[in-house]
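Residue numbers (the numbering used here), protein chains in the order written: chain A, 742 to 1416; chain B, 742 to 1416.
Nothing false has been slipped in among the hints.
The calculated BS3-like cross-link candidates involving lysine-lysine, where the alpha carbons are at most 30 Å apart (straight line), are:
1. Lys1033/B <-> Lys1077/B
2. Lys1178/A <-> Lys1167/A
3. Lys924/B <-> Lys819/A
4. Lys819/B <-> Lys1273/A
5. Lys1282/B <-> Lys819/A
6. Lys1376/A <-> Lys1408/A
7. Lys819/A <-> Lys819/B
8. Lys924/A <-> Lys1273/A
9. Lys1282/A <-> Lys1064/A
10. Lys924/A <-> Lys924/B
11. Lys953/A <-> Lys1033/A
12. Lys1178/A <-> Lys1104/A
13. Lys1282/A <-> Lys819/B
14. Lys924/A <-> Lys819/B
15. Lys1033/B <-> Lys1104/B
16. Lys819/A <-> Lys1273/B
17. Lys1104/B <-> Lys953/B
18. Lys1416/B <-> Lys1320/B
Simulated from the structure, these hints should not be mistaken for laboratory data.
Number of protein chains: 2
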Amino acid sequence: MVVERRMAAWIVVAVSLFASAPARAQAVAPHSLMPVPARVVFEGGSLPIDATFAVAFEGARDPMLARAAERMLLRITKLTGLPIVRSGGTVRLTVRCAKPASHVPSATDDESYTLKVGASGATLIAPTPYGALHGMETFIQLIEQGPNGYVVRGATIQDQPRFPWRGVLIDACRHWVLPDVIKRNLDAMAAVKLNVLHWHLSEDQGFRVESKVYPLLHERGSDGLYYTQEQVRDVVRYAADRGIRVVPEFDMPGHTGSWLVGYPWLSSGKGPFEIGRVWGVYDPVIDPTNEKVYAFVERLIGEMTALFPDAYFHIGGDEVNGKQWDASPAVVAFRKQRGMKTNEDLQAYFNTRVSGMLARRGKVMVGWDEILHQDLPKNTVVHSWRGQKSLADAASQGYQGILSNGYYLDYIWPASQHYAVDPMGKDAAGLPAEAQKRILGGEACMWSEWVTAETIDSRIWPRTAAIAERYWSPATVTDVPDMYRRLGAVSRHLDAAGVTHRSGYTAMLDRLANGGSTEALRGIVDLVEPVKNYNRGRRAKFTSQMALNRIVDAARAESDEARGFGQLVDRFLASRADKDARDAIVAALTRWQVLVRDVQPAMGAPLLQEAVPLVHSVAALSGFGLRAVEALEKKWRLALTAEETEAMTRASAPVADVLLMVAPHVKKLVDAAGK
Amino acid sequence: MVVERRMAAWIVVAVSLFASAPARAQAVAPHSLMPVPARVVFEGGSLPIDATFAVAFEGARDPMLARAAERMLLRITKLTGLPIVRSGGTVRLTVRCAKPASHVPSATDDESYTLKVGASGATLIAPTPYGALHGMETFIQLIEQGPNGYVVRGATIQDQPRFPWRGVLIDACRHWVLPDVIKRNLDAMAAVKLNVLHWHLSEDQGFRVESKVYPLLHERGSDGLYYTQEQVRDVVRYAADRGIRVVPEFDMPGHTGSWLVGYPWLSSGKGPFEIGRVWGVYDPVIDPTNEKVYAFVERLIGEMTALFPDAYFHIGGDEVNGKQWDASPAVVAFRKQRGMKTNEDLQAYFNTRVSGMLARRGKVMVGWDEILHQDLPKNTVVHSWRGQKSLADAASQGYQGILSNGYYLDYIWPASQHYAVDPMGKDAAGLPAEAQKRILGGEACMWSEWVTAETIDSRIWPRTAAIAERYWSPATVTDVPDMYRRLGAVSRHLDAAGVTHRSGYTAMLDRLANGGSTEALRGIVDLVEPVKNYNRGRRAKFTSQMALNRIVDAARAESDEARGFGQLVDRFLASRADKDARDAIVAALTRWQVLVRDVQPAMGAPLLQEAVPLVHSVAALSGFGLRAVEALEKKWRLALTAEETEAMTRASAPVADVLLMVAPHVKKLVDAAGK
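In isolation and in its complexed conformation, chain A is listed as follows (with noise of 0.2 Å):
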């Protein structure tokens, strides 16, 4: 209630201002703050950028805020362009931060901050070092170009986050991801208040972390792609460093193929076992009625909770199709013997044990929903893979849940859909107060059958900063054009953070130019998007060896291109006299039969072949569509031949696992001139 009313307070001042600033500054032009804050409140005045810009720091002194201001001049510099110094400078900004970071972050910091922005100077207030890393974090997004080099506006803005698990999960495990990809991807997550690094570390297809006490898991469970036990710590501290928790995840029974290949009798089943090289659902399981397997989970857990500091512990728990189970003997007397009635209480019966087993450790066990049960202790926290009514199911059952169901990053979903998924959703509108507050947030989840090293930035980024926001801001935060406009200015303060999801892609069309321009190639690959949800790969045979450099690897997440003409085609179809939309759908067209004409040489490359027929679907969609807003100009009715309406129909399925996104968008334009 004092904060509403110093709000208040603010306003006026800033109205005030506003009334005796000169005219241009009368027009407040947008923000482009993602996630966007609590509360802001824009003053006037602003706060000049330059060489010289120093930070200083009042209050709790705590190394963690020096290395993060030492950053912070890295990327303003990266960002404008300034050789900004690093001794000597004018103080510009002054944090105050009333006590130090603890040994690492934890899920009950207070994230919150204040900060206040004046033409000689800002502030930023906060409870913490992590509330004052997001401070900084808003602080770097708030600079913007004036007409005499870079500003920050002045403002007042009070912050904090909505949810306090805000994660991305990184499978390493169907495809091996560099040490410093993570360490890239935890800076962009910084930037946008991300606070857990969900890291997927054992799968079918690799376990990927050294065990001294187990050699064999990452010697003969991983092609020699494995973090060592250095590497590990390293990049736990550089997470702490930037805020942000380590949630490993070592899934068990199922999905441990890879464990099997260095300790066969580990399984229900017979060996001798392979690390995985395709992707879905394996038989192999771990053998819940062996005590030798309990000694041997519990020498593991023992190693890895030490490793990794977070408090919550992550065993996976999914996807155990129960086979081998039903065909082990042993396994069969055992649920018989102990009156159990499916293969789940036996899951359950495994789950309690190593939960016991890491309580004894001080960590809380997360998993997938599939761990639901019954026997269950309390304190496990849920991970919802399978949904909103399943997440809000096991907080009314009192168990603490977090939501990843909408939230998968390799369904290759435009932004705005996972945008509109709200942890909190309607299923857990009907739950008590208590209850709700055990929905804890969310985590974008980038599974990496699809990706490597090299274009898993392009996957994350930029849509995660969308879902960022849906953790972070207040509900009501929902405009969708809003978003993707600051979604695009985001964009770039990622890649000055250091994801490579704008610069990969010029390097993956020199790859596919092979030597050949790339110039028209660009504008070609702009208007597409690789296929949705599961539907890659079902046309050949793949293995996790093959190569991922086709048009499919290269191609943007989301074709902004394809968004923008859409928005055309609406507007000219709702107003045949928007001359404005009608000129830009002309241009755009013809633009494309440029690039068809100019991407020819480039096409001989042989990464490029199975992209012909893409070309030729781009020509005629922009016949099609020149046609069709002719018709529509002149009242013609258009009316394609069948072989042309067949052209229609290819242009709109995938080629090469991609979707040439403009089809949908002419095929309108073609229906509506066709009435």
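Given chain A, put chain B in place with the hints provided.
Same frame as chain A, now just chain B:
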């Protein structure tokens, strides 16, 4: 002679293999190696490269080779998109190395290698790990796309460098260059077989190394932008691991303004002194008549020679304007008392004493032309910025020398211009063989007045790859069009090696467009180059703290598009019947018109204001060009109006410190059509 005979035999094998190969393989595509090896023979067949590619070592075990193999796998992964395993693969390349590496590389290491690639594997044989590293780089460059995946064609390559000293000077003083930026440039240098990093570490604008004996050097002389000693050691190790020597330069007695901020008493003139913020030759200079100065220099050299293990130590010695010496009664008296006629004699006295300090530490002194003086010990190396004649003179006097005249990257010359400069120029041609041997090689110089960590890669690469070829390949390798063809390929290799000359372009265009689309902007900026030589910055007072974020900073050093357009114009003017050239010219000119239209929305961005006249010029040029082509075809005589002629002139003049490189080519068309 034996090698020659063996070569002849290979050619026979190659021919017979081709004879039995399918028709398609008979046309041997030219290779894209840069630098061109001493001898290459393609022999038919090809080695497939897939995710199981592995390297094995025979002969001397050296951990640096294992690390090189690890990097090689990452590079191939990046180049191809193949997720290459780190253990359990199939050996496709066997490296046999006669002896392990010395502690650090030296100027006398044997860098030769022989690489033999067959359909089932490749063998690389080298007397030293340094030769093996070069051979591994050649192998990476040989990887190419085939219709069924990546391959290396069967070949035998025998190779060694022409010059032992193949360097790049990086000036970390005028602008600060981060350690990571140095490292990625070391990777790129290794990729084109360069072997010396000349690290320019002290200047009027900054003393860039932590000094423990004289801490005010870096504390007061660097704005906090300096390398810690641990960072220096790390860079030196990193370089050595890639076969690269690090030669530090501490420029003295001039260019020492930053020393004097903390230690004003070293000076011949009066303080107080400040860090230099503008470019050019400064007056402040060390006092060579003060014994305490020698004690200071001796201790500093003691500290720095311990940090840098290379046998050579660069003392600069350039551009002492002598004003302070002439103005100092003490210096004038000293000169008189010692019978010195000139300030050059005085500087030689200083240099000789410094040379002694270095010699006592086992170091050879290197300095710029100005140090050449009859008093100087003969084991000094003269580094010529003045020219080939100066170098040849030094060699004839018994001094070893390296050439940098003609290799100044900050002149922003086209690669072909540097490529035409040979360290063994016509001045050296007349020297006896013994004197010729004293010409050790050359160094490309990246002076950093107009580059930052962000832009430096784009000024060094890819042009320096052409210079590297000049230093490495036989003197007879001089075909410019072929150099450019290969430069395009090696540019992508360099990108995979980690430098950002390609990806950084995208980021800078993003910043310029300030949220607008960069597509058309890229097309416009593709047509320009920065002004040449030292013509930048004349139009405005510039300080080192201004942002380098303008069009001139984003623009590539060399416009491929302009060069290509120029070739088309030459073809068309040589033969009006060349319809392909004519059509390509018209397509380009038309495209510029589209660019001019499409770039308009972005032109409101603050950083693009200065470029508005440039866009007008592109519009004018495309109009003139199209009219000229029409006139030439229809045999009309084209006459521009006075106003149009003025616009043509404006288009050829610098705007915003860039040159519209297509202007002279359009002018050629217009002039031809005006006859």
